[in-house]
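The primary structure of each chain is shown beneath.
There are 2 protein chains.
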Amino acid sequence: MSAHYQELEARFRRLSLIGEAAGMLRWDMSVMMPDKSSAARGEQITALKLIAHETLSSNELADLLAAAEDTADVLDDWQTRNLQLMRRRWVHTTAVPADLLDAFTRTCMQTESVWRTARPDNDFGTILPHLETLLGLVRETATAKSEALGVPPYEALLDLYEPGGRTAQLDALFDDYAAFLPPFLDRVLERQSLRPQPRLPDGPFPQGRQEDLCRRMAEAVGFDFATGRLDATLHPFSGGIPEDSRITTRYDEADFTSALMGVLHETGHAMYERGRPADWRYQPVGDTPGLGMHESQSLMVEMQASRSRAFLDWAAPVMQSAFDGSGEGWSADNLYRLATQVARSFIRVDADEVTYPAHVILRYRLERAMIDGDLQPKDLPGAWQDQMKQLLAISPPDDRRGCLQDIHWYDGAWGYFPTYSLGAMAAAQLFASARKSDKDIEAGLGRGDFVPLMRWLRTNVHNLGARFTTNEILERATGRPLDPSAFKEHLKTRYLEEAQ
Amino acid sequence: MSAHYQELEARFRRLSLIGEAAGMLRWDMSVMMPDKSSAARGEQITALKLIAHETLSSNELADLLAAAEDTADVLDDWQTRNLQLMRRRWVHTTAVPADLLDAFTRTCMQTESVWRTARPDNDFGTILPHLETLLGLVRETATAKSEALGVPPYEALLDLYEPGGRTAQLDALFDDYAAFLPPFLDRVLERQSLRPQPRLPDGPFPQGRQEDLCRRMAEAVGFDFATGRLDATLHPFSGGIPEDSRITTRYDEADFTSALMGVLHETGHAMYERGRPADWRYQPVGDTPGLGMHESQSLMVEMQASRSRAFLDWAAPVMQSAFDGSGEGWSADNLYRLATQVARSFIRVDADEVTYPAHVILRYRLERAMIDGDLQPKDLPGAWQDQMKQLLAISPPDDRRGCLQDIHWYDGAWGYFPTYSLGAMAAAQLFASARKSDKDIEAGLGRGDFVPLMRWLRTNVHNLGARFTTNEILERATGRPLDPSAFKEHLKTRYLEEAQ
Numbered sequence: 001m002s003a004h005y006q007e008l009e010a011r012f013r014r015l016s017l018i019g020e021a022a023g024m025l026r027w028d029m030s031v032m033m034p035d036k037s038s039a040a041r042g043e044q045i046t047a048l049k050l051i052a053h054e055t056l057s058s059n060e061l062a063d064l065l066a067a068a069e070d071t072a073d074v075l076d077d078w079q080t081r082n083l084q085l086m087r088r089r090w091v092h093t094t095a096v097p098a099d100l101l102d103a104f105t106r107t108c109m110q111t112e113s114v115w116r117t118a119r120p121d122n123d124f125g126t127i128l129p130h131l132e133t134l135l136g137l138v139r140e141t142a143t144a145k146s147e148a149l150g151v152p153p154y155e156a157l158l159d160l161y162e163p164g165g166r167t168a169q170l171d172a173l174f175d176d177y178a179a180f181l182p183p184f185l186d187r188v189l190e191r192q193s194l195r196p197q198p199r200l201p202d203g204p205f206p207q208g209r210q211e212d213l214c215r216r217m218a219e220a221v222g223f224d225f226a227t228g229r230l231d232a233t234l235h236p237f238s239g240g241i242p243e244d245s246r247i248t249t250r251y252d253e254a255d256f257t258s259a260l261m262g263v264l265h266e267t268g269h270a271m272y273e274r275g276r277p278a279d280w281r282y283q284p285v286g287d288t289p290g291l292g293m294h295e296s297q298s299l300m301v302e303m304q305a306s307r308s309r310a311f312l313d314w315a316a317p318v319m320q321s322a323f324d325g326s327g328e329g330w331s332a333d334n335l336y337r338l339a340t341q342v343a344r345s346f347i348r349v350d351a352d353e354v355t356y357p358a359h360v361i362l363r364y365r366l367e368r369a370m371i372d373g374d375l376q377p378k379d380l381p382g383a384w385q386d387q388m389k390q391l392l393a394i395s396p397p398d399d400r401r402g403c404l405q406d407i408h409w410y411d412g413a414w415g416y417f418p419t420y421s422l423g424a425m426a427a428a429q430l431f432a433s434a435r436k437s438d439k440d441i442e443a444g445l446g447r448g449d450f451v452p453l454m455r456w457l458r459t460n461v462h463n464l465g466a467r468f469t470t471n472e473i474l475e476r477a478t479g480r481p482l483d484p485s486a487f488k489e490h491l492k493t494r495y496l497e498e499a500q
Numbered sequence: 001m002s003a004h005y006q007e008l009e010a011r012f013r014r015l016s017l018i019g020e021a022a023g024m025l026r027w028d029m030s031v032m033m034p035d036k037s038s039a040a041r042g043e044q045i046t047a048l049k050l051i052a053h054e055t056l057s058s059n060e061l062a063d064l065l066a067a068a069e070d071t072a073d074v075l076d077d078w079q080t081r082n083l084q085l086m087r088r089r090w091v092h093t094t095a096v097p098a099d100l101l102d103a104f105t106r107t108c109m110q111t112e113s114v115w116r117t118a119r120p121d122n123d124f125g126t127i128l129p130h131l132e133t134l135l136g137l138v139r140e141t142a143t144a145k146s147e148a149l150g151v152p153p154y155e156a157l158l159d160l161y162e163p164g165g166r167t168a169q170l171d172a173l174f175d176d177y178a179a180f181l182p183p184f185l186d187r188v189l190e191r192q193s194l195r196p197q198p199r200l201p202d203g204p205f206p207q208g209r210q211e212d213l214c215r216r217m218a219e220a221v222g223f224d225f226a227t228g229r230l231d232a233t234l235h236p237f238s239g240g241i242p243e244d245s246r247i248t249t250r251y252d253e254a255d256f257t258s259a260l261m262g263v264l265h266e267t268g269h270a271m272y273e274r275g276r277p278a279d280w281r282y283q284p285v286g287d288t289p290g291l292g293m294h295e296s297q298s299l300m301v302e303m304q305a306s307r308s309r310a311f312l313d314w315a316a317p318v319m320q321s322a323f324d325g326s327g328e329g330w331s332a333d334n335l336y337r338l339a340t341q342v343a344r345s346f347i348r349v350d351a352d353e354v355t356y357p358a359h360v361i362l363r364y365r366l367e368r369a370m371i372d373g374d375l376q377p378k379d380l381p382g383a384w385q386d387q388m389k390q391l392l393a394i395s396p397p398d399d400r401r402g403c404l405q406d407i408h409w410y411d412g413a414w415g416y417f418p419t420y421s422l423g424a425m426a427a428a429q430l431f432a433s434a435r436k437s438d439k440d441i442e443a444g445l446g447r448g449d450f451v452p453l454m455r456w457l458r459t460n461v462h463n464l465g466a467r468f469t470t471n472e473i474l475e476r477a478t479g480r481p482l483d484p485s486a487f488k489e490h491l492k493t494r495y496l497e498e499a500q
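Chains V and R are the protein sequences, given in the same order.
Heads up, the first sequence is in this note's numbering, so the first residue is 1 and it goes up one at a time.
Heads up, the second sequence is in this note's numbering, so the first residue is 1 and it goes up one at a time.
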């Protein structure tokens with residue numbers, strides 16, 4: 001190990017700690033801080049981001065990278081990969097000129113703030129000029145990163161969230177699913193219409209009892225409240241650090257399932273954070289190889305495990321007793337049907353796992369067309385309608401339930417949406433291999449025991465950090481890179497009860 | 001204004017924001033964080049401290065300071081003062097060699113951790129070698145700062161907390177009080193023994209109701225919960241920023257007065273933070289001129305205002321109704337006697353305002369003797385006994401209730417203790433002038449209205465920030481620098497009912 005490389009590790013360790021501090025300030029902002037204090041908090045977070053940016057874009061760091069790369073033959077495999085990931089971060093940071101970054105950051109804040117009223121007002125006209133300005137800056141950013149990374153503009157944006165992500169892979173995965181979905185969905189909905197309709201068990205569901213149940217279930221997954229917290233927020237998220245996981249959920253006293261499924265989802269994220277290699281705790285190679293893999297770990301717990309029949313057989317009486325409930329609504333049969341109910345719907349965040357990819361594919365196609373200059377923002381509402389008809393055979397009655405529903409584009413997150421469905425597909429692929437390699441994984445879920453599943457994930461996913469790419473990790477764990485077959489098999493089995 | 005000065009303001013603004021971020025991490029650590037996560041949090045805070053230290057001790061900053069000082073004639077009065085305070089911070093940061101600072105920081109952490117068990121175990125022997133090592137490093141630090149600041153070693157330590165503080169002033173104030181106290185205390189205790197003994201009103205005092213009362217009282221002082229929080233912690237403190245005050249207290253369900261008085265104290269700190277000049281929000285000149293002044297603002301609210309007969313006449317029925325209380329215990333007479341009860345006692349933090357300065361004078365004399373090399377740590381327990389006998393005519397039965405009771409020395413805070421009593425004296429001096437200049441201040445307290453008092457404090461103290469020294473602010477507001485007369489008058493009036 002060279003002195004240059006060693007110094008780089010020290011600097012990236014500090015960058016990581018600055019990021020953790022900023023993350024903590026954001027957690028507090030969402031969970032604890034009075035709303036009126038947000039401008040002052042924004043100043044603190046901006047200062048930390050600037051310090052990180054200056055550290056990463058300094059001449060010293062560039063010199064260290066070059067020197068370490070010149071003597072990279074002395075590094076072991078993890079160090080070599082770490083150095084590559086350092087370089088990648090450096091490219092993302094330095095590719096964008098400071099004035100473009102400034103304009104982009106300011107425009108994002110402005111557009112997001114306009115979006116906050118445009119969405120409830122169903123007012124696309126007001127936000128359109130902001131979106132046009134923002135898209136112009138996003139395209140400039142994409143061009144700048146495209147040159148630095150040597151990939152097309154859209155892939156240069158995608159790379160921030162899904163390193164090495166390629167549109168060729170996304171197109172293959174998504175076109176396959178788009179062709180699979182319409183006839184499959186028809187069959188699922190037909191079959192669903194023939195069986196008893198699930199119903200929400202009788203309440204009430206007081207928040208305190210919901211919280212107790214959520215804690216009980218998070219602990220079943222492996223969450224340790226001696227090194228973490230669960231709090232209530234408007235938008236559920238998972239934050240904090242491995243030694244101090246902060247998960248949040250939103251409670252609806254009319255329906256306990258949304259908070260509970262939210263907690264199980266965020267617990268999956270937290271378990272992944274906790275499971276990554278301790279030796280590389282503050283280094284890029286100790287991070288996730290991409291957000292698709294991160295999402296696969298939340299969907300593994302929420303979709304693959306917690307909505308499985310095996311788990312719900314165990315969980316049904318636990319849920320019932322949490323609310324002192326009675327009646328048929330608390331049967332495992334009913335709760336399973338409730339957890340696997342499918343519907344054509346307009347809103348992505350409320351969608352089931354069958355239709356969710358359609359929402360993602362739509363966004364991927366539209367954002368890519370906008371980045372490539374093939375779709376103008378003024379034509380977005382119409383293009384949205386067309387895609388919804390094509391993918392789900394429905395037409396949103398307004399933009400509020402169409403192209404205004406998500407914050408992402410208005411907040412500057414372009415190239416992010418695909419990771420949701422990459423995660424869903426990776427989760428299915430990993431879960432199928434896990435179940436095959438250890439029979440006790442599914443049996444464990446049937447007794448509320450996630451230890452066998454988590455043991456497998458630790459070894460095959462968590463512990464690898466970003467030592468390999470997502471596709472490489474999948475190949476090692478499942479024998480092949482990401483493909484849509486396991487996800488489709490999972491859906492067929494769960495929704496059509498076809499044996500795998 | 002020179003470009004150099006302007007660049008300095010930008011850098012100190014960033015330093016201030018880093019400090020705020022670290023403060024927020026500490027607040028979370030005390031209030032929200034699971035205990036087991038403290039090592040990881042420590043890494044984050046250390047990283048921010050190191051960044052601040054490097055920023056402040058960089059060659060660039062030294063050059064900017066020198067250049068701005070060369071053209072200081074273009075600066076206005078606030079800027080001139082700001083530049084002086086920047087230089088002072090620079091001196092404190094750069095005076096101590098990095099290896100000494102490292103050794104000091106590590107030794108503090110170690111000694112504090114030993115102290116956490118040595119205190120309950122009443123085991124001075126175990127901590128003695130640690131204290132000896134620590135004192136050695138404190139003395140080295142004092143010597144280094146002494147040369148840089150051009151003042152004697154003890155004053156160089158004091159200067160960190162009380163800029164410009166002089167032992168000549170402390171000796172004069174404290175010797176005067178040490179002479180005043182014994183006969184005065186005898187008279188107070190005699191008089192107290194002749195009147196009905198106060199008693200705690202009948203409970204119960206559930207935590208939720210205590211919290212409601214604390215909020216009600218903090219709001220009466222002027223605290224705005226739209227830009228602040230009140231939480232429960234082991235050790236009450238005031239944190240956060242002007243736009244987001246975070247005060248904490250500790251609830252005892254057997255006695256509501258400790259939490260309430262704690263909240264009133266911390267509210268005084270918070271109101272001072274909120275009242276400082278917005279134009280200098282992130283600059284040294286917008287800060288406090290010293291911790292004595294800061295403490296004066298908490299003691300103003302807690303001791304001068306909230307333990308006054310006028311305020312308690314208004315507050316007694318509010319407190320009673322907060323607990324649906326009944327009986328004589330809730331009379332203003334009883335509650336006032338309770339809030340002004342005096343006793344000789346061993347523990348500083350439990351002491352009343354009459355005997356509190358004795359605890360501080362003792363610590364000041366002993367820490368100064370240790371810094372000057374006139375007292376060895378091994379002789380500390382005996383010296384403590386001697387001073388307690390001399391000042392309060394009592395002998396602590398063990399070191400747990402003697403020289404092991406406070407964290408300060410074991411945590412590296414030498415030169416800090418005097419600020420408590422400087423604050424008490426300044427509070428009395430300011431309050432006497434305030435009452436004289438606006439008759440509605442005392443009348444306001446009688447109707448639970450702190451607006452007149454806070455208006456006077458805003459103008460005469462808060463808004464001045466660190467534009468002037470503590471003594472200069474006192475001179476402008478009261479006609480003279482700090483002296484003990486107002487405090488003694490206050491005590492005579494309150495405890496002997498002598499007319500002023």
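Calculated from the structure, these hints are not laboratory results.
Ideal Cβ placement from N, Cα and C applies to all residues, glycine included.
Warning: the hint list may mix true and false statements.
What the hints assert, rightly or not - A short list of chain R residues far from chain V (calculated; beta carbon distances all over 10 Å):
1) D35
2) S37
3) Q44
4) F184
5) A226
6) T227
7) E243
8) D244
9) D386
Stated by the list, open to error - Cβ-to-Cβ under 10 Å is the rule here; a few derived chain V residues that face chain R:
10) A21
11) L48
12) L50
13) D99
Cross-check of the supplied hints:
| no. | hint | verdict |
| --- | --- | --- |
| 1 | D35 | violated, 8 Å |
| 2 | S37 | violated, 4 Å |
| 3 | Q44 | violated, 5 Å |
| 4 | F184 | holds, 45 Å |
| 5 | A226 | violated, 5 Å |
| 6 | T227 | violated, 5 Å |
| 7 | E243 | violated, 4 Å |
| 8 | D244 | violated, 4 Å |
| 9 | D386 | holds, 46 Å |
| 10 | A21 | holds, 5 Å |
| 11 | L48 | holds, 6 Å |
| 12 | L50 | holds, 8 Å |
| 13 | D99 | violated, 18 Å |
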